[in-house]
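Note that the numbering used here has the sequence shown beginning at 1, numbered continuously upward.
These are computed hints drawn from the structure, not numbers from a lab.
Worth double-checking, as some hints may not be accurate.
Unchecked claim - Lysine to aspartate or glutamate pairs mimicking EDC-like chemistry, simulated, CA-CA at most 16 Å apart: (1) Lys419 / Glu429; (2) Lys182 / Glu165; (3) Lys89 / Asp144; (4) Lys116 / Asp425; (5) Lys242 / Asp293; (6) Lys427 / Glu248; (7) Lys110 / Glu126; (8) Lys243 / Asp293; (9) Lys397 / Glu429; (10) Lys415 / Glu429; (11) Lys243 / Asp262; (12) Lys442 / Glu430; (13) Lys332 / Asp169; (14) Lys364 / Asp262; (15) Lys374 / Glu248; (16) Lys110 / Glu130; (17) Lys427 / Glu16; (18) Lys39 / Glu96; (19) Lys162 / Glu333; (20) Lys182 / Glu158; (21) Lys448 / Glu416; (22) Lys110 / Glu16.
Stated by the list, open to error - Label-pair distances were calculated between CB atoms; the ranges are: (23) Met360 / Lys50: 34 to 40 Å; (24) Gln166 / Lys409: 47 to 53 Å; (25) Ser342 / Lys89: 54 to 60 Å; (26) Gln256 / Ser123: 49 to 55 Å; (27) Gln256 / Asn146: 36 to 42 Å; (28) Gln77 / Ile135: 15 to 21 Å.
The beta carbon of each residue, even a glycine, is placed where N, CA and C say it ideally should be.
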Amino acid sequence: MNQETLIHLINQGESETLEFKTSFNKAVIETIVAFSNSKGGQVLIGVSDKKEIIGVNITEESIQNWVNEIKQNTQPQLIPNVYTAVFNKYTVVVFEIPEYPVKPISFRNKYYKRVKNSNHLMSLTEVANEHLQTINSSWDYYPDPNHSFPHISLLKIEEYIKSYEQWNDTIVDYKPLDFLNKQEILRENKLTFGAYILFAKDLCVVSDIQIGRFKSPTKIIDSINLDTDIFTELNEIIAFIKKHLMVEFIITANPQREERYDYPLEAIREIVINMLIHRDYRDSSGSVIKIYDDRIEFFNPGGLYGDLTLEDILEFNYQPQARNKLIAKAFKEIGKVERYGSGIKRIFSICKEYGVRSPMINIKQNSFELVLYKERVKVGEKVGEKVGEKVGENLSKNQELIIQYILEKKTISAKELSKKIGISDRKIEENIKKLKALNIIKRIGPAKGGYWQLIP
1 MNQETLIHLI NQGESETLEF KTSFNKAVIE TIVAFSNSKG GQVLIGVSDK
51 KEIIGVNITE ESIQNWVNEI KQNTQPQLIP NVYTAVFNKY TVVVFEIPEY
101 PVKPISFRNK YYKRVKNSNH LMSLTEVANE HLQTINSSWD YYPDPNHSFP
151 HISLLKIEEY IKSYEQWNDT IVDYKPLDFL NKQEILRENK LTFGAYILFA
201 KDLCVVSDIQ IGRFKSPTKI IDSINLDTDI FTELNEIIAF IKKHLMVEFI
251 ITANPQREER YDYPLEAIRE IVINMLIHRD YRDSSGSVIK IYDDRIEFFN
301 PGGLYGDLTL EDILEFNYQP QARNKLIAKA FKEIGKVERY GSGIKRIFSI
351 CKEYGVRSPM INIKQNSFEL VLYKERVKVG EKVGEKVGEK VGENLSKNQE
401 LIIQYILEKK TISAKELSKK IGISDRKIEE NIKKLKALNI IKRIGPAKGG
451 YWQLIP
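The task is simple: from the sequences and hints, build the whole structure.
In structure tokens:
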């Protein structure tokens with residue numbers, strides 16, 4: 001590696017694919033494993049975390065010993081590419097490792113992945129998910145050892161087949177169980193986890209969903225608890241939510257009145273379908289929906305699947321990934337899902353067209369929360385009034401959200417924006433810089449005590 005390339009790497013700073021170490025130790029191997037389980041990366045040995053080149057004393061033998069130590073302590077064994085670079089008599093060793101095709105890789109029986117610029121110890125669920133992704137499978141395709149055919153409803157299977165025939169404009173000539181085998185909902189004539197969740201006859205504790213209508217965080221006025229097959233749950237969830245929504249009847253030129261609910265029903269349906277499809281059914285906690293006067297909160301066990309980030313989702317920059325491939329396919333086969341991976345984008349688009357403010361998404365390691373608001377805030381119209389419709393159309397989703405929150409609270413800080421939108425402080429600053437450059441917003445007063453203003 002030449003000096004120019006080395007300096008370029010160091011100037012980038014530590015990131016999702018770059019790490020600095022002053023010496024070789026077990027933390028180096030941990031990082032190499034984390035890179036191999038993520039997007040690959042490079043470890044520079046002889047560089048401090050302050051980007052200072054301090055170098056290391058090495059020989060051909062010492063580098064080979066390091067490679068052997070990496071190989072002996074990883075499973076499957078990793079052999080990184082090794083480069084050296086000399087800068088002002090200081091030697092830097094570079095270990096480069098690509099994303100490994102068969103995941104996950106372990107270091108001393110522990111599994112790590114790269115999250116931003118640090119290593120994250122993977123949970124058992126994450127380890128299992130990585131393995132399933134590697135073999136292009138998912139948990140719901142595996143045989144369910146706790147349930148058998150008496151636990152599923154033949155009537156529900158027949159209803160599913162009717163929906164399949166109608167959606168695909170075809171006739172199914174198979175017996176119900178033969179059809180499920182053909183669709184791989186059953187595997188070798190054995191009940192899968194997915195089949196049980198889709199067609200459970202009676203109680204299905206793994207699909208438990210609690211729904212409540214709240215007047216305050218502590219006062220609940222109505223609730224139901226669902227624990228059956230998820231097709232039935234879909235209909236009952238929508239019915240319960242509709243029961244607690246306000247509806248406006250609009251007189252039009254048509255013979256029938258037009259109904260307008262205070263929330264877009266199409267978005268609610270899309271959210272619920274996404275909950276049912278992407279939930280981590282191995283998690284002991286249940287799904288929860290809370291209906292308040294001004295918002296509906298949807299909570300689901302299971303964080304983002306694969307290497308997705310919240311930023312990717314908000315920018316609609318991602319490839320579809322399904323935690324439960326069997327369940328997702330079953331919904332798509334009867335027209336419940338329009339296109340894999342389009343759910344979040346559709347929800348935001350529906351809300352924008354309906355004239356309510358964009359939903360809020362909050363993601364943790366093992367959970368996903370979406371908040372749908374009643375408030376009718378037409379970001380596009382407000383931005384258009386302030387900066388012109390042409391500029392408004394060119395804004396990213398994150399930039400629209402920044403403007404929305406500034407409209408709501410002109411003293412909002414960059415840190416608050418980062419927390420609300422779910423992206424890093426650095427990304428907030430980048431978006432604010434662009435909005436300033438476009439003469440959309442400006443800062444009045446100092447960082448502390450000042451406020452934001454939209455430029456007319």
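We went through each hint and held it up to the structure:
1. A hinted pair counts as satisfied when its Cα atoms are at most 16 Å apart, and Lys419 with Glu429 qualifies at roughly 13 Å.
2. A hinted pair counts as satisfied when its Cα atoms are at most 16 Å apart, and Lys182 with Glu165 qualifies at roughly 15 Å.
3. For a cut-off of 16 Å, the pair hint linking Lys89 to Asp144 is broken: about 62 Å separates their Cα positions.
4. Distance hint between Lys116 and Asp425 is fulfilled; the C-alpha atoms sit about 13 Å from each other, no more than 16 Å.
5. Distance hint between Lys242 and Asp293 is fulfilled; the C-alpha atoms sit about 13 Å from each other, no more than 16 Å.
6. For the given pair, Lys427 sits about 40 Å from Glu248 by alpha-carbon distance, which is inconsistent with the 16 Å threshold.
7. A threshold of 16 Å between alpha carbons decides the hint, and for Lys110 with Glu126 the separation of about 12 Å falls inside it, so the pair holds.
8. Restraint check: the Cα-Cα separation between Lys243 and Asp293 comes to about 13 Å, which is no more than 16 Å; the hinted pair holds.
9. This hinted pair checks out: Lys397 and Glu429 have alpha carbons roughly 15 Å apart, not beyond 16 Å.
10. With a C-alpha separation of about 10 Å, the suggested pair Lys415 and Glu429 falls inside the 16 Å cut-off, and the hint holds.
11. A hinted pair counts as satisfied when its Cα atoms are at most 16 Å apart, and Lys243 with Asp262 qualifies at roughly 12 Å.
12. Taken as a hint, the Lys442 and Glu430 pair is honoured in the structure, with Cα atoms around 14 Å apart against an allowance of 16 Å.
13. A hinted pair counts as satisfied when its Cα atoms are at most 16 Å apart, and Lys332 with Asp169 qualifies at roughly 14 Å.
14. For the hint pairing Lys364 with Asp262, the CA-to-CA distance comes to about 29 Å; that exceeds 16 Å, so the pair is violated.
15. Restraint check for Lys374 and Glu248: satisfied, since their Cα atoms lie roughly 13 Å apart, inside the 16 Å limit.
16. For the given pair, Lys110 sits about 14 Å from Glu130 by alpha-carbon distance, which is consistent with the 16 Å threshold.
17. For the given pair, Lys427 sits about 15 Å from Glu16 by alpha-carbon distance, which is consistent with the 16 Å threshold.
18. For the hint pairing Lys39 with Glu96, the CA-to-CA distance comes to about 12 Å; that is within 16 Å, so the pair holds.
19. Distance restraint check for Lys162 and Glu333: the Cα-Cα separation of roughly 11 Å lies within the 16 Å cut-off, and the hinted pair is therefore satisfied.
20. A threshold of 16 Å between alpha carbons decides the hint, and for Lys182 with Glu158 the separation of about 15 Å falls inside it, so the pair holds.
21. A distance of roughly 13 Å separates the Cα atoms of Lys448 and Glu416; the hinted pair therefore holds under the 16 Å criterion.
22. Between Lys110 and Glu16, the direct Cα distance comes to roughly 19 Å. Violation of the 16 Å bound is thereby established for this hinted pair.
23. As the Cβ distance of Met360 to Lys50 is approximately 37 Å, the hint placing it in 34 to 40 Å holds.
24. The hinted window of 47 to 53 Å between Gln166 and Lys409 holds, with their beta carbons roughly 49 Å apart.
25. Between Ser342 and Lys89 the beta carbons are some 56 Å apart, a value that agrees with the proposed interval 54 to 60 Å.
26. For Gln256 and Ser123, the Cβ-Cβ distance of about 52 Å falls inside the hinted range of 49 to 55 Å, so the restraint holds.
27. At roughly 49 Å, the beta carbons of Gln256 and Asn146 sit outside the given window of 36 to 42 Å.
28. Checking the proposed 15 to 21 Å range against Gln77 and Ile135 shows it holds: the Cβ atoms sit about 20 Å from each other.
In this structure, the hints that do not hold are numbers 3, 6, 14, 22 and 27, in rising order.
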